[in-house]
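Assemble the complex: chain A is given as a structure, and chain B must be docked to it using the hints.
So the protein sequences, as listed, match chains A and B.
So that you can map any letter, position 57 of the first sequence is 57 in the working numbering, and since no number is skipped, the others follow by simple counting.
Position in the second sequence (first residue = 1) + 1000 = the working numbering.
Hints listed in this document are in silico derivations from the structure and should not be mistaken for laboratory results.
Ideal Cβ placement from N, Cα and C applies to all residues, glycine included.
Careful: at least some of the hints might be erroneous.
[Unchecked claim] Derived, one-sided and incomplete: chain A residues facing chain B with beta-carbon distance under 7 Å:
{"#": "1", "residue": "Gly42"}
{"#": "2", "residue": "Leu43"}
{"#": "3", "residue": "Pro97"}
{"#": "4", "residue": "Tyr98"}
[As the list claims (entries may be wrong)] Distance condition first, Cα-Cα at most 30 Å in a straight line; then the derived DSSO-like pairs of lysine-lysine:
{"#": "5", "chain 1": "A", "residue 1": "Lys9", "chain 2": "B", "residue 2": "Lys1109"}
{"#": "6", "chain 1": "B", "residue 1": "Lys1037", "chain 2": "A", "residue 2": "Lys57"}
{"#": "7", "chain 1": "B", "residue 1": "Lys1005", "chain 2": "A", "residue 2": "Lys9"}
{"#": "8", "chain 1": "A", "residue 1": "Lys9", "chain 2": "B", "residue 2": "Lys1099"}
{"#": "9", "chain 1": "B", "residue 1": "Lys1099", "chain 2": "A", "residue 2": "Lys57"}
{"#": "10", "chain 1": "B", "residue 1": "Lys1068", "chain 2": "A", "residue 2": "Lys57"}
{"#": "11", "chain 1": "B", "residue 1": "Lys1037", "chain 2": "A", "residue 2": "Lys9"}
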Amino acid sequence: NAGVTQTPKFQVLKTGQSMTLQCAQDMNHNSMYWYRQDPGMGLRLIYYSASEGTTDKGEVPNGYNVSRLNKREFSLRLESAAPSQTSVYFCASIRAPYNEQFFGPGTRLTVL
Amino acid sequence: DQQVKQNSPSLSVQEGRISILNCDYTNSMFDYFLWYKKYPAEGPTFLISISSIKDKNEDGRFTVFLNKSAKHLSLHIVPSQPGDSAVYFCAASAPGTYKYIFGTGTRLKVLA
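Next comes chain B alone, as it looks inside the complex:
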């Protein structure tokens, strides 16, 4: 049972445009969400996070939106740059646990 789902395996966007990556979850106990970026042959690196007490968090070009009623979060990258081409994973955690459950990832390709 996949508790965290990223239904788009891949996404292509023109340089300078907005990239929107989506993530859905099924466990209503999740209260902390993170996005990671992964380049080939490297470990994932942390990008941005959001707590369930917020509905939006921004960090430079990256914004994460959380819709708790829909159990949905999205990552917006504006403007997209070729260096953003990578696989993006969302992850979720529930209170009182140390476990982080990851989605299957979305491969973003930013076209120059």
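Chain A on its own, in the form it takes in the complex:
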């Protein structure tokens, strides 16, 4: 039981490049989330998927797109990376509301 896995662990991009961050969970959870963590800003919600087939914007969605590929997988895409997107990205999942979230280990992204 791996929990929530994220790939890659580290990535360096140049401004304007695109990339997709992958997230998968094996706990049969219904809802999945993408957050970014920046110094002094805490964890900010980018997008979430309440259930398979649905996605919604969070607090900071600009510059990102998401795909809920199936119940297990939720990917985050940066179409044209900007230095302001340098951050640590965390994926999380929950079985149902009023439950705790389980987080992945994070992806550290640097945009030059």
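What follows is chain B alone, placed relative to chain A:
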């Protein structure tokens, strides 16, 4: 607009003493609150939660108190141990949403 605030960026406590971490929120619709602990280079892990129908929840050394009229919650750790040194985040959720809003975090250092 920061809906969940942790006004103390850092806190130092002697081993064996009580650690008190505070969190304030502005949205009166929030009815479920959680605390997470985060070590460097790892994802946050769930610590304890409380529903708005309660004012206290205990789990071993950890107790969360909720004061709805003040829109304030606190996490008490007794006794504090060096292994508790981490960043602590509070989070809140409103009914009918799948969104969890996090505070900016408090770095706790427990001194041996």
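Status of each hint after checking the structure:
Look at Gly42/A: its Cβ gets to within about 4 Å of chain B, closer than 7 Å, so that hint holds up. The closest approach between the C-beta of Leu43/A and any C-beta of chain B is roughly 4 Å, which is under the 7 Å cut-off, so the hint is satisfied. Checking Pro97/A against chain B by beta carbon gives a least distance of about 6 Å; that is within 7 Å, so the hint holds. A cut of 7 Å between beta carbons decides the hint on Tyr98/A: the least distance to chain B is about 5 Å, and the hint holds.
For the given pair, Lys9/A sits about 27 Å from Lys1109/B by alpha-carbon distance, which is consistent with the 30 Å threshold. Annotation: proposed proximity of Lys1037/B to Lys57/A holds, straight-line Cα distance about 25 Å (limit 30 Å). For a cut-off of 30 Å, the pair hint linking Lys1005/B to Lys9/A stands: about 29 Å separates their Cα positions. Of the pairs offered as hints, the one joining Lys9/A and Lys1099/B holds, with about 25 Å between alpha carbons and a cut-off of 30 Å not exceeded.
The hinted pair formed by Lys1099/B and Lys57/A meets the criterion: a straight-line CA distance of about 10 Å does not exceed 30 Å. As the CA atoms of Lys1068/B and Lys57/A are separated by approximately 28 Å, the hinted pair is consistent with the 30 Å bound. Proposed proximity of Lys1037/B and Lys9/A is supported: the alpha carbons are some 20 Å apart, at most 30 Å.
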